[in-house]
Amino acid sequence: MDDNYEDESLTDYEEFQATLKTPENQLIDITFSNNKNDFDLNDCTDYREPLSNTTADDHVQPSDDSEEIELDLTEWQIIDPRSGKNRRPRQNEFLELLLSNTRYTSYICWVDKDQGLCRILLPNQVAALWGKVKRRQTNGKMTYQTFARGLRYHYTIGSMMKTKKKHTFCLKKSPKNGSS
DNA sequence: AACCCGGAAGTCCG
DNA sequence: CCGGACTTCCGGGT
Numbered sequence: 001m002d003d004n005y006e007d008e009s010l011t012d013y014e015e016f017q018a019t020l021k022t023p024e025n026q027l028i029d030i031t032f033s034n035n036k037n038d039f040d041l042n043d044c045t046d047y048r049e050p051l052s053n054t055t056a057d058d059h060v061q062p063s064d065d066s067e068e069i070e071l072d073l074t075e076w077q078i079i080d081p082r083s084g085k086n087r088r089p090r091q092n093e094f095l096e097l098l099l100s101n102t103r104y105t106s107y108i109c110w111v112d113k114d115q116g117l118c119r120i121l122l123p124n125q126v127a128a129l130w131g132k133v134k135r136r137q138t139n140g141k142m143t144y145q146t147f148a149r150g151l152r153y154h155y156t157i158g159s160m161m162k163t164k165k166k167h168t169f170c171l172k173k174s175p176k177n178g179s180s
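Under my numbering, the residue at position 42 of the first sequence is numbered 42, and the numbers go up by one with no gaps.
Everything labelled a hint here was simulated from the structure, so no lab data went into it. Computed from a prediction, not measured in an experiment: that's the story for all the values here. Treat the hints loosely; a few may be bogus.
[Claimed, not checked] List time: in silico DSS-like cross-link candidates among lysine-lysine, alpha-carbon distance up to 27 Å:
id, residue 1, residue 2
1, K173, K113
2, K132, K172
3, K134, K173
4, K141, K113
5, K172, K85
Generate the whole structure from the sequences, applying the supplied hints.
The structure is reproduced here in structure tokens:
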């Protein structure tokens, strides 16, 4: 069955012709002979290597997801109930401020607002932001580890409650509507 | 491995 | 100088 197939294909490849376009829209004539591998790039005088060096990487991808939000320190002040003076937030106050700030909806969200339950969506960004906002300045950079340890301190002083859930914390109800 | 937990000691700042 | 609020380090648990 395959006997005459070979002969047929041979004749098919004879003198096959094609017209190609270069990137400059120049026309090139190409002729295939019997030999399938006869096509020669040297016939295309205008052939060039594709340019690859210039536009390798022009913009740096943010390795961490999400774009940066510009810091506005006026958003991070609270009026001390005791002294009436302005000051930087404590860590639990920072969380409340963060939750109520519509610019940071990608950072944190309520799980159950009535319970004070919230979940941090971008732990590293939140920690870094705390590092900039906090009153007490230190040398090291604020990591989520350190940030979370600070939050745990609030369990013992009673301003927050444990959750055991990943990136999830519970704020004590703010002193709003407790009257009846 | 990435979290969570809390003890212990150190630091900043009002 | 004191003390509150973390910060830093860490060993242990899930």
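Hint check results:
Restraint check: the Cα-Cα separation between K173 and K113 comes to about 9 Å, which is no more than 27 Å; the hinted pair holds. With a C-alpha separation of about 24 Å, the suggested pairing of K132 with K172 holds against the 27 Å cut-off. The suggested pairing of K134 with K173 holds, with an alpha-carbon distance near 22 Å, which does not exceed 27 Å. Between the alpha carbons of K141 and K113 the distance comes to roughly 30 Å, so the proposed pair goes past 27 Å and is violated.
Taken as a hint, the K172 and K85 pair is honoured in the structure, with Cα atoms around 23 Å apart against an allowance of 27 Å.
Hint violations for this structure: number 4 only, all remaining hints satisfied.
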